[in-house]
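Required output: the full structure, derived from the provided sequences and hints.
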Amino acid sequence: MTGTLERFEDAVRGATASTHRATPETIGSVLSELLVEPAVGAPPPFDDVSLADLPVSVATEPTRQQLLEASTGVTGAILGIASYGSVVLRSTADVDELVSLFPDRHVVLVRDRDVVDDMAAAFDDLVPLIADERADAIVATGPSATADMGALVYGVHGPTEVHVVVVRTDSHAADGTGGTG
Amino acid sequence: MAADRRERAARIKRILETSGDSVERNTLAFNRGRYETIDELDEYEALKDRAAAIKDDAIDRLPELIDEVTEAVEENGGTVYLAEDAADANDYVERIVREREAETVVKSKSMTTEEIDLADGIESTGADVWETDLGEFVLQIADDAPSHIVAPAIHRSREEIATLFNEYYDLEDPLETADELTAFARDVLSDAIENADVAVTGANFVTADTGTIALVTSEGNARKCVAVPETHVAVAGVEKVVPTVGDLRPFVELIGRSATGQSITSYVSLLTPPIDTPALPDDPGDRIADDPPDRDFHLVLLDNGRMAMRDDEQLRETLRCIRCSACLNSCANFQQVGGHAFGGETYSGGIATGWEAGVHGEDSAETFNDLCTGCSRCVNQCPVRIDVPWINTVVRNRIANGADRGRFDHLVRGLVPDEEAGGYPLQKRLFGNFESLAKLASATAPVSNWLVDLPGTRATLEYAFGVDRRRELPTFERESLVDWFEARGGEAASTKRANRARTPSLEHDRRAVLYPDVYTNYVRVERGKAAVRVLESLGVPVAVPDVPGSGRAPLSQGMIGTAQRQATAVVRALQSYAPAEYDVVVVEPSDLAMFRGEYEKLLPPAAFEALADRSYEILEYAYGLLENGADPDTLRTDGRRLAYHGHCQQRTLGLEPYTVSVLERAGHDVATSDVECCGMAGSFGYKREYYELSVAVGDRLRSQFVADGMADRTVVTSGTSCHEQLDALLERRPLHPVRVLDSH
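Protein sequences appear in the order of chains F and S. For the first sequence, the working numbering gives the first residue as 2, with consecutive numbering after it. For the second sequence, the working numbering gives the first residue as 11, with consecutive numbering after it.
Derived from the structure by calculation, the hints contain no laboratory data. Any given hint could be a false lead.
Stretches of chain S that chain F covers, calculated by requiring three or more beta carbons in the stretch to come under 8 angstroms of a beta carbon on chain F [as the list claims (entries may be wrong)]: (1) 143-149; (2) 200-206; (3) 232-241; (4) 286-292; (5) 383-395.
Each pair of labels, with its calculated beta carbon distance range [stated by the list, open to error]: (6) 205/S / 15/F: 32 to 38 angstroms; (7) 122/F / 59/S: 16 to 22 angstroms; (8) 19/F / 743/S: 54 to 60 angstroms; (9) 14/S / 19/F: 53 to 59 angstroms; (10) 177/S / 38/F: 38 to 44 angstroms; (11) 155/S / 26/F: 53 to 59 angstroms; (12) 7/F / 154/S: 45 to 51 angstroms; (13) 58/F / 684/S: 53 to 59 angstroms.
The beta-carbon is built from N, C-alpha and C at its ideal position, and this holds for glycine as well.
As structure tokens, this is what we get:
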């Protein structure tokens, strides 16, 4: 029986995005590999990781120009959905929606504990969030795409590349799922 | 009428030649993707039930939900405007654009804004309007109309788009690849989006409880449009409202699969506007989140005929539609011509008949409604279980009953004991009354067959009735199946034969009424005889009473009244064969589909259920007999190589596997076709105006059956229409599968 996390990663790759694993300790080096500068970012929706103390520079309070010229956007997801390889991006009053949308490369962090099995489980979390907080959220799966120009092309108005970094915050779960992708 | 038909035929031919290849390539890819991705979904049927139920509930409570969503959106800080019609909606949006003194308005793809020609309305304010969906952008530049409700420019090939861009922008370095075209369009549109003053989107769903809108997209343009400017106008038909945000789940799982054959699109935005995201500042050096967002959101809920559709018992189901395009992509006719032939002012494909009749009027539906042949392939594909063929039938009936009396009416008088008004179009009455014609032709055969060959007959048939002279007409048999069966001793003789053949292992003691459908009775009599003998050899006594036509022919012409009378007559004729003793076995799949399907709408519930419950397709029945101990060795088992094309309606009923299984158990090697429909579809392929389209549809089937590994196989097919189409397209003569099993 494959674990939820492995199914999630398989599905992410199936959706033409790449997967990576990190821990709060290794996140700096993982992101250094994935970020193409200039990079912009928004604080992820969890405390385990901060964009402030990375070895690469990420502008978290970008100007219009910085946003439009950035090569990479870094944000965090509130959920991962294993059956679809989707990440759920919450659009807050911060720049997270813009940062995940404008740069050509989107690097998105999701905690292993936030990966759920399927859409039903994702809605169990999303419904109260929307009903109680009137939250805005995007279920994002792979890069932006179109077939309108006569063939399938990745990278239209949204990112061309999506890199999903699973942040393992629970050492017990890490043992259970094995491997270090 | 003849001139109209010629014109319609010429138009379809032109579309086939200019965009047929592009439309076919794209729709087939969507269609294949849908089959593959729904296969991965364990709960597919349950999700469809849930989706249909949510929509029905919403339509039921619509006025109440509109009040609820208005309250929710206002509480969130937005505004709701209920627009009565297109002009009202345009006025409102134009007013917002003027108030904002907008110079640049960006739109994401929305069929509802197409319906009300909103882009033109906004341009009248002096603002520039940019369609930011790439397909829509192509159409905007080309001044063209959508040919598909999800992928609006599928009728244009990559080469044509390249030529369009290169010429329109006078490019020195001509664009060529899809990557280059996409990058170029993105750059042009990025400028517009980044400087936009107002964004206009549609909404795939609107939730009444929270005022949330769901936008289902892949390019990312809708996300950018919503995020960049401070003002966002969402335009949605009132039918887009669902009760709660939790109700979105089945739709999120179904819509991408049903539409483009993706398990999910790149982005499903669940926004509860005004959104929290800070708008993009104008000045390059300004920090984005510096100012608190001052966002302005307007939800325009459009009626434009929808509340009247809600009150219309027959059109009401159309309002469930989530505009996914499954009924377009699964339609054999649509796959050849797309929405420019199979579409009205705005909408395209099978469901367009309901939408066009509802929002633009029956005249718009009239131009393409005949392209729904009732093959029913879309029925199982619709994620909200809309009976698309039935809506087409009803609207066909309404249009035709409104038509004027023609000058050839005297030609069908006496031949047409139908229930329709005198003005009902002649061509439809001729095909709808095929049973009367067949009876007369059989009684006078072979003279009637010779008559057809006389000089001038075909010309008259084509001129007056639009029967294409390139089609071979059916040859009628002098001795009908019912007469043959009586002459060989009737039910008593059949009982003796069956009892002689009966194997002790058979655990089945019922009798079968073999339904003598019009074709089996008068034209394809051999398949009827084979069916009788096969049933007997499996140990079942047969009766072949004189039962009238099922009403399939008139129903296909929209003649609902006549079909209803026929249905009642069929039930009456079968009354003396008690359900406790007799099953009803049907050779022609389209008639079985009547018994199990459309009769529900034509008969009282008890009468419908009684007949539906005891009706079987001939090889479905044979399968059941083999499962209950009948001996397959009594069938003809000479190990033939067969190429089988199942009938469209038979496959919709899930019956194809029975035929394949019985043929295989009898030792035959079976390969099957992979097309939605043969293209003949009853009378459709006979009609002058649709002959070319019918042949184009059939060509996919033909090419499969002449391919390597198929060309040497005996062609078997279950439906009369398929038989005639294959007969015309192939050198080989097709057979009904029951004839392959008949050891006589």
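Indices of hints not satisfied (ascending): 5
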